[in-house]
Each structure stands twice: as C-alpha cells, then as structure tokens.
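*Asks:* Letter by letter, the chains look like this.
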Amino acid sequence: MDSIIAVVGDGFVVSAADCTNARSIVVMKEDVDKVMELDHHKLLSMAGEPGDVVQFTEYIQKNVHLYELRTGIPMSTTAVASFTRNELAKSIRKNPYSVNLLLAGYDPKTGPELYYLDYLGTLTKMPYAAQGYCSYFVLATLDRYYRSSMSLDEALDVMRKAIQEVKVRFLINQPKFTIKVVDVNGTRTLESF
Amino acid sequence: MSSRYDRAITVFSPDGHLFQVEYALEAVRKGTTAIGVRGTDSLVLCVEKKSTAKLQEPRTVRKICKLDSHILLAFAGLTADARVLVNKARIECQSYRLTVEDAPSVDYVTRHIAGIQQRYTQSGGVRPFGISTLIVGFDLDGTPRLFQTDPSGTFSEWKAAAIGRNSKTVSEFLEKKYPEFVEENKQVKETGRASVVSGEGGDETEEITTEDHVVKFAVRALLEVVESSAKNIEIAVMKAGQEMKLLEEEEIAKAVASVEAEKKAAEEARKPPAARADPGGAAGSSQPPTTSGQ
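Each protein sequence line maps, in turn, to chains A and B. Following this note's numbering, the numbering of the first sequence begins with 1 at its first residue and continues without gaps. Following this note's numbering, the numbering of the second sequence begins with 1001 at its first residue and continues without gaps.
It is possible that part of the hints are untrue.
Output of the computed footprint for chain A on chain B, the stretches with three or more beta carbons under 8 Å from beta carbons of chain A [stated by the list, open to error]:
1. 1078–1091
2. 1094–1103
Cβ pair distances, simulated, as ranges [as the list claims (entries may be wrong)]:
3. Asp31/A / Ser1123/B: 46 to 52 Å
4. Thr110/A / Arg1059/B: 33 to 39 Å
5. Ser1123/B / Ser149/A: 55 to 61 Å
6. Lys1054/B / Thr110/A: 31 to 37 Å
If you are wondering where the hints come from, they were derived from the structure by calculation, not from laboratory data. Using N, Cα and C, we set each Cβ at its ideal position, and we do this for glycine too.
Here chain A stands alone, though its shape is the one from the complex (with noise of 0.2 Å):
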C-alpha cells in the first residue's frame, strides 16, 4: 500500500513516500518517515512489508557506515546498489524479504543517480519510478511531464502532478507525504504536500 515516487532533476534526486501504516480498514500511524537517510548523500525510500522494511533497510545502513570506517571513504550510489541488489537476491530463496526500495543518492563523480530495487533482487538505473500500486497511476504521469535535468521547482512541480494523481485515484487514502531532496550538499527534508 506505500506510496513511493523518485525524480532525478539536474544535480539533484528528490525522493517522494506516502506517510501511512494502515492494515486492514485501520489507520494506525499518519506520520511514518519511508525515505531513510542512508549517509549523508544517499536516500533510501522503503515500501513493503513492515518489519521486513525496516529491518532490511538498517540492516543495509549499518553495513554501509562500517564500510566507511573501515576504509575512510564513503560508498558510491551505485556499490550500495549492487550491495544491496546482492542482499536482496540472496534472500529471495532462503529468507525472503518482502521490501521493495529506490535509492537515490548523489556523488561526486557521477552526479544524481535514482535506482529502482525490488524483493526479488531486481536493480536498474530509472530516471524516474515509483514502487507500489501508486506506480500504476504515476508513471503515466512522469511518462508525460518528466524531462531530464529539471530544476527543483519544475521537478517538485511534476512531484506534486503525481502525488496529487494518487490522491485522486488510488482507493487508499493518503492525505500526507514526506518530500526530501539530495544533491551536491547532501540529504535535506522539504515541506511535505
């Protein structure tokens, strides 16, 4: 049921999540953070199943700081990929975990990458995505207003399109998001809409 959208714009991602836990026809929380900050230059936006989520994605941020300590040099967008693509496969026939992610991140060297991840160990670069069934409504959205190297009003404005598609259509309602933005000076939250 998360609601999960990501648009890479020019020198920067900006990471969009529904801020709902419901089960059943309860609403038990409208305020939950789905976008984590993975280090200072990367987010992880999480959907799926609730301990899985937050388990598995800890679990991933806690691996990526030790690599840091032990080496002194953070971990490119693209090694956290694979590293956490390579988690996930893993999983897929022994322990699965039901999380889907796209993690958006910032470096140095190549600039603002967005890559789609899901439970079964899929991983692609996307210029834009969503994970969930808001994907169904969005990415006719960003299909038709998405262009690259926006800048951030014109990428939040394509956000706000979207987001306002999913509360328009999608059966489940969910009135809050949480928007956070990273480029070149790292991870930064934004009014949600």
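Dock chain B against chain A, hints included.
*Replies:* Just chain B now, kept in the frame of chain A:
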C-alpha cells in the same frame, strides 16, 4: 589432527605468571609511544609516528583509527594485531547500533575489546594480541572518556595515559603535570585564555581554545621522549558532538613550535639572573654563576 592445536599456549607458570601475556607486554613496550589526554570538554590522542619510507603512502600508515563516528582508538605494539582487533571493534559498534538504535558508550566498546583480548589468553591454539590500546570518545551525555586496555585483557579509565616506548617517562610527566593542566583547562573553558611562559617572565596570556590547550599539553608530554618534529607526530582531537579532527602537518608544527618556545623560555626563566642570556644575545652562554642573587 586438529587436537594438536587445541592445547592452550598461555598457561600458568609455577609462580602464577602468564608468561605469554608478559611477553606480549614486551612487544607493546617496543611499539611507538601513544598518549591520550582528557580535557574538560575535549580529548586528544597524540602518537609517535614511525617514519614512513619515502615511497610509502602515509594515508595507509595511520596509528589512530576511527571505530565509530564518536570513538577513536590508538595503539602501541603489533600493527597487524591492531588491525584485526580494530576490525572486530568496528563491526561490534555497528552491530550495537543496529540492535540498540543508540551509539555505543566508550565503556561498552572498551569492555568488548578487552573481552576479546582476554579470550585470547584463555583459548586453545592462539596467542594474546600484542597491543595495548587507548580508546577515547564521548558518551551520549557528552562526557569525555579515555580508557586503556592491554594484552592481558584488563582495562581501566584514565585522565591521561601513555603506552608504548618510554611510556613510563611520559606517565611520570603526566602524573606530575596533569592537576595543574586540568585547572588551567577549566580556566581556558571560562575565559578563553591561558597563561603563556615567555622570556620576559611577565604575566602573559594568549587566546586559545580548550582543544588547542589539550593538544599543547599532549604534545609537551610526547616531546619528553620523541624527537621534536611535526613529521614524527600524529594528533587527533575530539570535541563533543563534532567529528574527530586529524591535525594537518602545519597545525602540528605550530603546536610543536609553541611548546618548544615555552620550554625554552621556562628554562631561561629558571636560570639565575646573571647567567641569563641577553635578549638577542647568544642563548645558553656558559658564564659561571656569580655570587650575587644566589
């Protein structure tokens, strides 16, 4: 076949000694000196750097290791043993963060490392780690802490400590000078100024931060046993809530120069007035002490 490697290497001697552990301490005594000092709100690790060969990459020959974002470790002894122990400690720090969702306290990390060191004195087929460590960091409530471990697996907290070559000399210096230093550090925290020993013997103060004050004290201690050159010294400074800072060579050179100048000025001040060198004249003139003013 493997039963041949099950026997313990570290066994008691008839008079109750663990010789392997004592030999490990010998290995530590051969290692380059490391000093840790705890100030009122900052921590400094000051280590003697083994001179790197011309073709070596200095970045890969570091004696001060980051265990976690808020904990540092310096060691004296076998570098390879340290690498293994540091790796284990780093994994433990992240594991703690994963399960407890909080940063580990310095005490916890020290206990873990000391526990590993002790285990290797009581297991089959292994030898003790040939290192002593100095572990510094800030607890969640912002208190600075300095711990020391050794090959036997004992650990304790210290206000200032030294390990490695000539550690005894340095420890004696630290014991003597620490009380006065800590008083001054408190003053520096309040006023931002510390007194400076100058040739004129006047009441001079200079503007200085608490961290720099601790750095100067640590450098003073290290210079008791190490040749004064910025190339031989590695310094790391930690302040509560901030990332650790490894000082650049120029900053180290500045601290060394200022400590050397103060040492010289203090020596001059101690000489009887008549035997003091004229300002601008040759220093250390070997005039026989006069009868006046003795």
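*Asks:* All hints, please: hold or fail.
*Replies:* Do the hints match the structure? See the list:
1. 1078–1091: holds (count 3)
2. 1094–1103: holds (count 4)
3. Asp31/A / Ser1123/B: 46 to 52 Å: holds, 50 Å
4. Thr110/A / Arg1059/B: 33 to 39 Å: Violated - the Cβ-Cβ distance for Thr110/A and Arg1059/B, about 23 Å, lies outside 33 to 39 Å.
5. Ser1123/B / Ser149/A: 55 to 61 Å: holds, 60 Å
6. Lys1054/B / Thr110/A: 31 to 37 Å: Since the Cβ atoms of Lys1054/B and Thr110/A sit about 35 Å apart, the hinted range of 31 to 37 Å holds.
In the structure shown, a violation is registered for the earlier hint numbered 4 alone.
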